[in-house]
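Since the structure of chain A is already known, use the hints to place chain B on it.
Top to bottom, those sequences are chains A and B.
Under the working numbering, the first residue of the first sequence carries the number 1, and numbering increases by one thereafter.
Under the working numbering, the first residue of the second sequence carries the number 1, and numbering increases by one thereafter.
Take the hints with a grain of salt, since some may be wrong.
Chain B is nowhere near these chain A residues, computed Cβ spacing over 12 Å in every case [said to hold, decoys possible]:
{"no.": "1", "residue": "E17"}
{"no.": "2", "residue": "I74"}
{"no.": "3", "residue": "K223"}
DSS-like, lysine-lysine: derived pairs with alpha carbons at most 27 Å apart [as the list claims (entries may be wrong)]:
{"no.": "4", "chain 1": "A", "residue 1": "K30", "chain 2": "B", "residue 2": "K191"}
{"no.": "5", "chain 1": "B", "residue 1": "K230", "chain 2": "B", "residue 2": "K191"}
{"no.": "6", "chain 1": "A", "residue 1": "K30", "chain 2": "B", "residue 2": "K93"}
{"no.": "7", "chain 1": "B", "residue 1": "K100", "chain 2": "A", "residue 2": "K63"}
{"no.": "8", "chain 1": "B", "residue 1": "K142", "chain 2": "A", "residue 2": "K30"}
{"no.": "9", "chain 1": "B", "residue 1": "K142", "chain 2": "A", "residue 2": "K123"}
{"no.": "10", "chain 1": "B", "residue 1": "K191", "chain 2": "A", "residue 2": "K20"}
{"no.": "11", "chain 1": "B", "residue 1": "K100", "chain 2": "A", "residue 2": "K120"}
{"no.": "12", "chain 1": "A", "residue 1": "K123", "chain 2": "B", "residue 2": "K100"}
{"no.": "13", "chain 1": "A", "residue 1": "K197", "chain 2": "A", "residue 2": "K137"}
{"no.": "14", "chain 1": "A", "residue 1": "K30", "chain 2": "B", "residue 2": "K223"}
{"no.": "15", "chain 1": "A", "residue 1": "K51", "chain 2": "B", "residue 2": "K142"}
{"no.": "16", "chain 1": "A", "residue 1": "K48", "chain 2": "B", "residue 2": "K100"}
{"no.": "17", "chain 1": "B", "residue 1": "K163", "chain 2": "B", "residue 2": "K209"}
{"no.": "18", "chain 1": "A", "residue 1": "K197", "chain 2": "B", "residue 2": "K231"}
{"no.": "19", "chain 1": "A", "residue 1": "K214", "chain 2": "B", "residue 2": "K231"}
Source of the hints: derived by calculation from the structure; they are not laboratory data.
Backbone N, C-alpha and C define an ideal beta-carbon position, used for all residues, glycine too.
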Amino acid sequence: MEEEKAREIVVPGETIENRKEFIAGEGTRKEGNEIVAERFGVVDRSTKLLKVIPLSGVYIPRKGNTVIGQVIDITFNGWFVDIRAPHLGFLTIAECGKRVIKEDLSEYYKVKDILLAKVKSVKTRSIELTMKERGLKKLDEGLIILVNPTRVPRIIGRAGSMVNLIKKETNTTIVVGQNGVIWIKGKNVENELLAKKAIELVSEKPFIEGLTEKVKEFLENEKAGWKK
Amino acid sequence: MKRPDGRSNEEFRTVEARVDVVSRADGSALFAFGNSKAIVSVYGPRQLYPQHLQNPERCLLRCYYDLASFSVPERKRPGPTRRSIEISYVMTKALEPAIKLEAFPNSVIDVYALIIDSDASTRCAAINAASLALANAGVPMKELVSAVSVGKLGNELVVDLTKEEEDFKVIKEGEEQKTTDIPIAFLSRSKKISLLQLDGKISAEELFKAIELGKKACLKISKIQERTLKKIKNIKK
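Next comes chain A alone, as it looks inside the complex (with noise of 0.2 Å):
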């Protein structure tokens, strides 16, 4: 059996907590005393303010996170950027991160092409991003995968420990991005192949103990596997 943590699951209309000193953060609700979940999720009872931690739902993206979106349109002034959001990314061409000289802007991002932005501010209609930053750039060949946005804080780990042991331990460069699409670029195919399937195994055990030595030894064990 695998070790869990006893986390405490909660639904939209349970209450959390009906002591007064608590107060009432992301996800929750204050009726009176009490506390109540918002959406469906586990409780961080790390400090006072209570929050709920979605287990499912899209990705609510928040100024300065950094995402990998699709061109999906192009227009006079700039490019809209699907980036999985409940609304599209625009990036405008004083964002662009080029200079624009040419009229036609498909010279500089074509419709289908892979972003590496940043959200650059969050209104309730658009969502702007950027692409100013050092390394923010379009994204040419590798392997993209998708994952659920609620997974991404625990395949990042603690200060990137998680990514950066399977960076290491497959010799590959990954870049996850805050709205749950992870690129990957190696040498070649095989490695990209184990980085996918250890990020899968992360994303499917979000709950589990240790889980940086679990996929320490997965790679070790299919590395070992190859030179047999």
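Leaving out everything else, chain B in the frame of chain A:
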């Protein structure tokens, strides 16, 4: 009088409830009252087109209720009918008060309910499944919604009618008396009614009794829904 399947008046049929049944959907659930089975898949919140439907204040909730052509004894022609359009509408109205629609302006949440087997009370099964599927999809909700049908069979009030009971006729004082069917949906926390329909004849007093009966059954159902959500397989793995 005994009911045809031997249940007591306050008892609903065996419930089957599961989540994550449709792999492509953002959230999905199956809910069954005996032979009435509903599969619901939820997509979104996602961008809404055409643009003139977008509401800058709140999210749009769209429900589609449909019977599978094989779900009824006589083949049902696929596609929306007068009945299914009406039920789609009442489902939307029953679910709307439980969802935090203000959180996603200009977007849409699509709820597709498909009845794969029908034996009366299908709209209640569909609402129960939709509530599970919405929670499963991670949509912010104020509370869960549970629904059950209450009927007047002869002189008695019974919970969760079957097709047999719905078509049952009593000859009383030379007059033919048909069964009255009352689907009720309750919000699990605030205990408010979000759906109340009535098909047939009933006195005002009996209607209040029927609502009380429905409330009791709905609370039991909301406990089942809670349990179903909590034993999600992702955590066991």
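Cross-check of the supplied hints:
1. Distance to chain B confirms A/E17 as a non-interface residue, since its nearest Cβ pair spans about 15 Å, more than 12 Å.
2. Distance check for A/I74 against chain B: the nearest CB is about 17 Å away, which clears 12 Å, and the non-interface claim stands.
3. Distance to chain B confirms A/K223 as a non-interface residue, since its nearest Cβ pair spans about 24 Å, more than 12 Å.
4. Restraint check for A/K30 and B/K191: satisfied, since their Cα atoms lie roughly 17 Å apart, inside the 27 Å limit.
5. Between B/K230 and B/K191 the CA atoms are separated by roughly 21 Å; this keeps the pair inside 27 Å, and the hint holds.
6. Distance hint between A/K30 and B/K93 is fulfilled; the C-alpha atoms sit about 25 Å from each other, no more than 27 Å.
7. Using a Cα cut-off of 27 Å, the hinted pair B/K100 and A/K63 holds, with the two alpha carbons roughly 22 Å apart.
8. Annotation: proposed proximity of B/K142 to A/K30 holds, straight-line Cα distance about 11 Å (limit 27 Å).
9. This hinted pair checks out: B/K142 and A/K123 have alpha carbons roughly 24 Å apart, not beyond 27 Å.
10. About 24 Å separates the Cα atoms of B/K191 and A/K20, which keeps this hinted pair within 27 Å; it holds.
11. This hinted pair checks out: B/K100 and A/K120 have alpha carbons roughly 26 Å apart, not beyond 27 Å.
12. Between A/K123 and B/K100 the alpha-carbon distance is near 18 Å, which keeps this suggested pair within the 27 Å criterion.
13. About 25 Å separates the Cα atoms of A/K197 and A/K137, which keeps this hinted pair within 27 Å; it holds.
14. Only pairs whose Cα atoms come within 27 Å are accepted, and A/K30 paired with B/K223 is accepted, the gap being roughly 22 Å.
15. As the CA atoms of A/K51 and B/K142 are separated by approximately 15 Å, the hinted pair is consistent with the 27 Å bound.
16. At roughly 24 Å between alpha-carbon atoms, A/K48 and B/K100 fall within 27 Å of each other, so this suggested pair holds.
17. For the given pair, B/K163 sits about 22 Å from B/K209 by alpha-carbon distance, which is consistent with the 27 Å threshold.
18. Distance hint between A/K197 and B/K231 is fulfilled; the C-alpha atoms sit about 26 Å from each other, no more than 27 Å.
19. Taken as a hint, the A/K214 and B/K231 pair is honoured in the structure, with Cα atoms around 24 Å apart against an allowance of 27 Å.
In this structure, none of the earlier numbered hints is contradicted; all agree with it.
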